[in-house]
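**Student:** Below are the chains, spelled out letter by letter.
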Amino acid sequence: MNPLLVALLGVLLIPLFVATWRSSLFGLGCQGVLMALIARQLESTPDTVGDWLALVDLGVVRGFVAPLALYGVLRARKTPGRNDVIPPNLLSWTIALGMVLMSFSFAELLVADSGEQETLVAVAATGVLLGFLVLATQSDPFSQMIGALRIENSIALLELGDKHHDWPLAIQLGLLAVFLVTIAFFRGYLITLTSRRVGGVEESASVGEPTL
Amino acid sequence: MSSLALVLGPAMASLGLGIRRLRARATLILVATALVATVLAYVSALSPSTGPFLAGFVRVDATSRLFLAVINPIFLGISVYVWNRVATTPALEAGIGRFVALALTFLAASNAVLLANHLLILWIALEATTLTAAPLIVRRGVPASQLASFRYFLFSSIALALVMLGIICLARSIEALELQPTFFLDKLESVAGACANNWGKLGLALMILGLGTKLGLAPMYSWLPEAYDQAPPAVTALLGAIQFNVALVVLLRVVHLFRPVHPGLVTFELVAMGLVSMVVSTVSIIATRNMKRLIAYASINHAGVIAIGLGIGKTASYGLLLYVVSNAFIKAILFLTAGKIKAHYLTKDTRQIAGLLKELPYSGLFLMVGTFALLGFPPFGSFFGELLILSALVGSGHLFVFAAFCVLITMTFVATGRTIFPMIWGEPRHSHTWPRQTFLSALPKLFFLFALVVLGIYIPPVVNRLVQQVAASVEGP
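Those protein sequence lines, which keep their order, are chains A and B. The first sequence stops at residue 212 when you use the working numbering, and every number in between is there. The second sequence stops at residue 477 when you use the working numbering, and every number in between is there.
Calculated from the structure, these hints are not laboratory results. Each hint can be trusted.
A partial selection of chain A residues facing chain B, derived with a Cβ cut-off under 10 Å:
| id | residue |
| --- | --- |
| 1 | 128 |
| 2 | 132 |
| 3 | 186 |
Don't be surprised by glycine CBs; every beta carbon is placed ideally from N, CA and C.
Work out the full structure, taking the sequences as your base and the hints as a guide.
**Tutor:** Structure (structure tokens):
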């Protein structure tokens, strides 16, 4: 087993049990950095602009920009450290671990020859399923953002295993731009949604305001 | 080249709004750009289809021609509505520059989706429509609209993430046969047969689930009523009548490519999502007393009908397209009318509104006609569309689906009528004096109404040919 993929699996699981927003963001950052290292391992010498762009996307944008963008907001708000991304009970933990096992059986079914490719698919599938578990069990915007970003990262990991993923540069730039704007939006929503009270009284008062 | 101008024109106009002098004439620029785009869309629709150009990334086929001719005039109607609203409500002038810039980028991205011949370009353009629409949902000083905007953005991101995951799985399924994966739609037609393995099946299932979420289909539909309710009516019309169709075009393209490979999967997934959507929307229509939410749930119901029609394919395809095109005009009429009614009564509670035909004759009339079209009454296109889908259900032996469809449609009819009809014909509760409704304020909706009636009574041969071509591409074996 590739040690980087094992580390990635650990990074996907540990923040679910260490329930703080700092560990969630640290986990996201580690995912990005580990994926950049895996990409470097798969393509020993990045020789095209596209290869370098993929490394920047994984290592810099997903590894640092995305977690730091959200970290800045939560730190400025002095948000309490505790943040559960899945409910802290035995059932959720069992489901999470069950999903890991399911992902490995699923990868065995999909990938013909066992080895690194199978592990990569299994880890990516684990990331997607755990991301959905977070989305399904949490209503807090920050946790939901973490769930969505975990899914996005796992898709990027699956993309890495694609032997012919040399997409045109314009498309790579487009995809990177979309991800950066998504991060900017998440940051914006985190600022507005954590600073204002969302409730019925304000809403009913606003009905009289003219709108387009 | 006229088709490229449909993307570049609105994008340039949007960029132009960065200049302060132009921003002062934002609504005029909006209407002028929408008018030019509509003319260009009709030029494209009436011209023959072209093969891929611009390095293969752009293609104008029957599907793009039909939907360009639907979404651009609807955008024009919405632009005229916005222009009139701003002209009659000076308080709306603040921030209109931002609205117009985002709306024009939204139009450019929507046209790009229709013209794209590459799955990833299509994905980026569809995501761009989400990125421009999400800020438009937010109303200043209304926290609930921020939450609705977030939920819309989150669900759309997840939907498109699923689509991307599906695309990657499809690429892997092609790779499994040692073929070079391609994302060009025209080239995919020749290699789609390679996607018969498990990767291909998984990719297709994920793409349908993702696009279904973008259309507001169950199980991930909860963003839709919230976003449609909280967004300003013009934005709701953009989402319901334009973005819905743009996402649907992507689904039509996916179904066209992969139905021959996995016919059972396409039918099962779409019919299941469609039926569940119809069930949840019917229950919600019965329960709600909020005018905009009611139309939003009706949109989910319609999305369910469309999913069932698309899932069945075959003879349902023509009816499905008739239904889709009519549905776009119905939603535009109803959401803009709901905005007008809310602006007058200062409430969305259906129990507080009565006697619209007496108090707001234009709005009352539009709500009445829109509701009849919504419920699938003749002579509207939605009636014929629904009839053809029902007949295809019987013809293909899906009798359980047919029975469930009939029961749910009847329940929707009763629940919608029970809520909407007193609003139209009831006795006015308070004696208000309203400012006279101008013809200009009714013009966009009159145009939509005209299109709706034309689709039901006499479909011009050129439109009919286009609909038949698109239907042939999605009907399957």
